[in-house]
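J.: Given the coordinates of chain A, work out where chain B should sit on it, guided by the hints.
Top line first, the protein sequences correspond to chains A and B. Our numbering puts the first residue of the first sequence at 1, with every later residue one more than the last. Our numbering puts the first residue of the second sequence at 368, with every later residue one more than the last.
No lab work stands behind these hints: they were computed from the structure. Mixed in with the good hints, there may be bad ones.
Taking lysine-lysine and the DSSO-like style, the derived pairs with C-alpha atoms no more than 27 Å apart in a straight line are [unchecked claim]:
id, chain 1, residue 1, chain 2, residue 2
1, A, Lys108, B, Lys606
2, A, Lys108, B, Lys614
3, B, Lys723, B, Lys653
Label-pair ranges, simulated between beta-carbon atoms [unchecked claim]:
id, chain 1, residue 1, chain 2, residue 2, range
4, B, Glu698, A, Ile277, 51 to 57 Å
5, A, Arg354, B, Leu673, 24 to 30 Å
6, B, Gln595, A, Gln206, 54 to 60 Å
7, A, Gly106, B, Ala714, 28 to 34 Å
8, B, Val645, A, Ala339, 46 to 52 Å
These stretches of chain A come out as covered by chain B in the derived footprint (C-beta under 8 Å, 3 or more residues) [stated by the list, open to error]:
id, region
9, 69 to 75
10, 243 to 250
11, 258 to 272
The structure presented is a predicted model; accordingly, all values stated were derived computationally and were not measured. Note that CB positions come from ideal geometry on N, CA and C, so glycine has one too.
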Amino acid sequence: MNGGVPVARRNIMADRRRLVTSVVGVGAAIALILLLQGLWTGFRLQISAYEDHVGANLFVAEPGTRNFLGVPSVISSDAVSVVRTIPGVQRADPVAVRFAVLDLHGSKLFTFLVGSTRGGMGGPWNVVSGRDVRFDDEVVVDRTVAGQHGIALGDRIEVMGQAFRVVGLSGGTRSWMAGFVFATHDAIERLVRMPGTTSYILVRTQNPAAVTEAIRGRTGLAVLTPRQLGDNDRALMGRIMSGVVELMLVIAFAAGTLIIALTVYSAIVERVREYGIAKAMGARRTRLFRIVLGQTITIAILGTAAGYLIFRGGSWLVALMRPQMWIRQSMSGLIFAVAAAAVMAVLAALVPTRRVARLDPASVYRG
Amino acid sequence: MEMGGVPVGRRNLFSERRRAFLGIAGAGVALLMALALDGVFAGAMGQVTVYIDRSGADAFVSQRGVRTMHMSSSAVPIATVDRVRALPGVRWADPILYDAGALMAGDKRELTYLIGYVPGHRGGPAALVAGRQPGPGEIVIDKEAAATLGVGVGGRVTTLDRGWRVSGLTTGMTNIVNSVSYLRFADFAAARALTGIASYVLVGVRAPVDTVIPRIEGSTGLTAETRQAFAAQERRAIKDMSADLLKIMTLAALIMGLAVIGLTLYAATLSRLREIGVMKALGASKARLSGIVLAQAAWTVGAALLLAVVLAEGLGWILGRASATLPLVVEWPSVFRLGIGAAVLGAFGALTPLIKVWRVDPVTVFRR
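The shape of chain A in the complex, shown without the other chains (with noise of 0.2 Å):
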């Protein structure tokens, strides 16, 4: 067993069938941490869709408030006179924002009812059928959440035990977790009983500094950029949700490296006559254990390369079936799978060193 021969390529590919049932099996570890963190980036960027694509450079909202969701926001909708009157202020239109629980043919969806007014910002960034709401008993829906329950333009679903037509169906309005409903705000505001009252005020300006320094001296209302609720949520979601990502994620690397330590530990048990051989002869355990290591890495590399493939398989299937999940792949996410199975790798080989290191040479002899 000299240095130019591929011994840990050789034994790992005496079995092409165990090969392959490994590398799928650390494929799946890996493919899994790549679709955690996929989606988790997805919900992330979904997270701040409303902010981001309403057009508002400002939300104003009721003091102390930091976030769009968690948190609703209730000020008087006197304060939208007050605001427009500031200089600098372009735009400023009402939004009335509340959670609501739809009952959609047996099943419950979380939603964001969203009130604007008509020709205001707030409404539906991306109509991308039928048009925008007229009227008090109208809505516009995500396009998926009409896809999966079967609502087509014109048909009438209940919100708070109020019927409305469905006049439009929206694009990119819809997480995991919730979708967007809108609505006019009169319509909101009579539904949740809170006349006179709205949610946030948006404002557009060109000079966002100082409004946001004015509205705060005249009304004494929060003034947070789409960026600064954006982030808040992101970090008020990943305070909630990063516990139970994080256990997942520690439970696939455990899998994965349990999956590379058992295939090489098979491997090396079915040529230990072959090992003992090496060590009659002289092969170091330096040698033994880069032998080990060569096939644990083999088996990573590989099954990093079948996971990218799984993952990139599950993504489209995902898309295709479940679009409301937006799985977004980043070059971190990446660098933190090769990462992990760099590691699987390495802690997957010290069994099987141990096997190897613990193997007498005399064993050659015996039956």
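T.: Same frame as chain A, but now just chain B:
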């Protein structure tokens, strides 16, 4: 070789103990992922209905078409309360105001559901671990939230754009997302400038609740549900929200499990191929040889499932001590479902070894 009574499958599997351990551990960890996901959501679902469960109400009355509290809005005329109280079979009816909010203290912030209730009536905190019920301008918060905010009884928090003195602490009302806080109905209404409405009406009955629900709905035109049905709707909403995500993750976990089980059975079979050849040469039937592989599969799947349950219980114990807001609850129906899934994995994983065993040539006995 007396084959009938010898547990060949088990002996084959455990002949190389480290390999058996790696295989069972790998499959167990893959199954753990599915079990842990189920457990985390089961824990979250248990937390999400804790207010409803502890309310003491037999029924909840809400705005027509509203059947949940979590991420929901409801408004009913306050006059509903007297109308419900007057109905036959109703023992008591009390209003609450409800909304999502944030508790702030200094630069710290905790999300909360705010409950406005009438002191001396239902809807308030089930039990206090410190302090007393809220007086005017006061609030009762959960002790987990209080610890995060760094306040105690007598401390001050801000919510609903006002400052409040903490008069008491509850426990068990903090979940993965937020907590529940209690203040006076009148204070809540004043802070939100609400007049003449409540969010929900809590109802206690003296007659069978199923007979009272239609009376309430008929009399008020609102939606009424039993406490159990209301909590079930709440759980259903969370379940529907996370169902797709759970399915994807579980599928990936099962693929990993299938790979490990397949590898384990394949390696165990391959290492004893000569012995299997001997058995075949001695006249062992195809069914007998299949039985050996299937016994290996059963042992692997059974041990992996047991390991997954033990690990999940251990994880639940650790999480329970490390974080009160991320409970992991292992439910037996979930274990049963996973057991069926694992059995299917075992059957698939046994396919290649079965083919290998069926095709083994008895002549291999005489080869080295």
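J.: Please go over all the hints and tell whether each is borne out by the structure.
T.: Evaluated hints:
{"no.": "1", "hint": "A:Lys108 / B:Lys606", "result": "holds (9 Å)"}
{"no.": "2", "hint": "A:Lys108 / B:Lys614", "result": "holds (17 Å)"}
{"no.": "3", "hint": "B:Lys723 / B:Lys653", "result": "holds (12 Å)"}
{"no.": "4", "hint": "B:Glu698 / A:Ile277: 51 to 57 Å", "result": "holds (53 Å)"}
{"no.": "5", "hint": "A:Arg354 / B:Leu673: 24 to 30 Å", "result": "holds (25 Å)"}
{"no.": "6", "hint": "B:Gln595 / A:Gln206: 54 to 60 Å", "result": "holds (57 Å)"}
{"no.": "7", "hint": "A:Gly106 / B:Ala714: 28 to 34 Å", "result": "holds (33 Å)"}
{"no.": "8", "hint": "B:Val645 / A:Ala339: 46 to 52 Å", "result": "holds (47 Å)"}
{"no.": "9", "hint": "69 to 75", "result": "holds (count 4)"}
{"no.": "10", "hint": "243 to 250", "result": "holds (count 4)"}
{"no.": "11", "hint": "258 to 272", "result": "holds (count 9)"}
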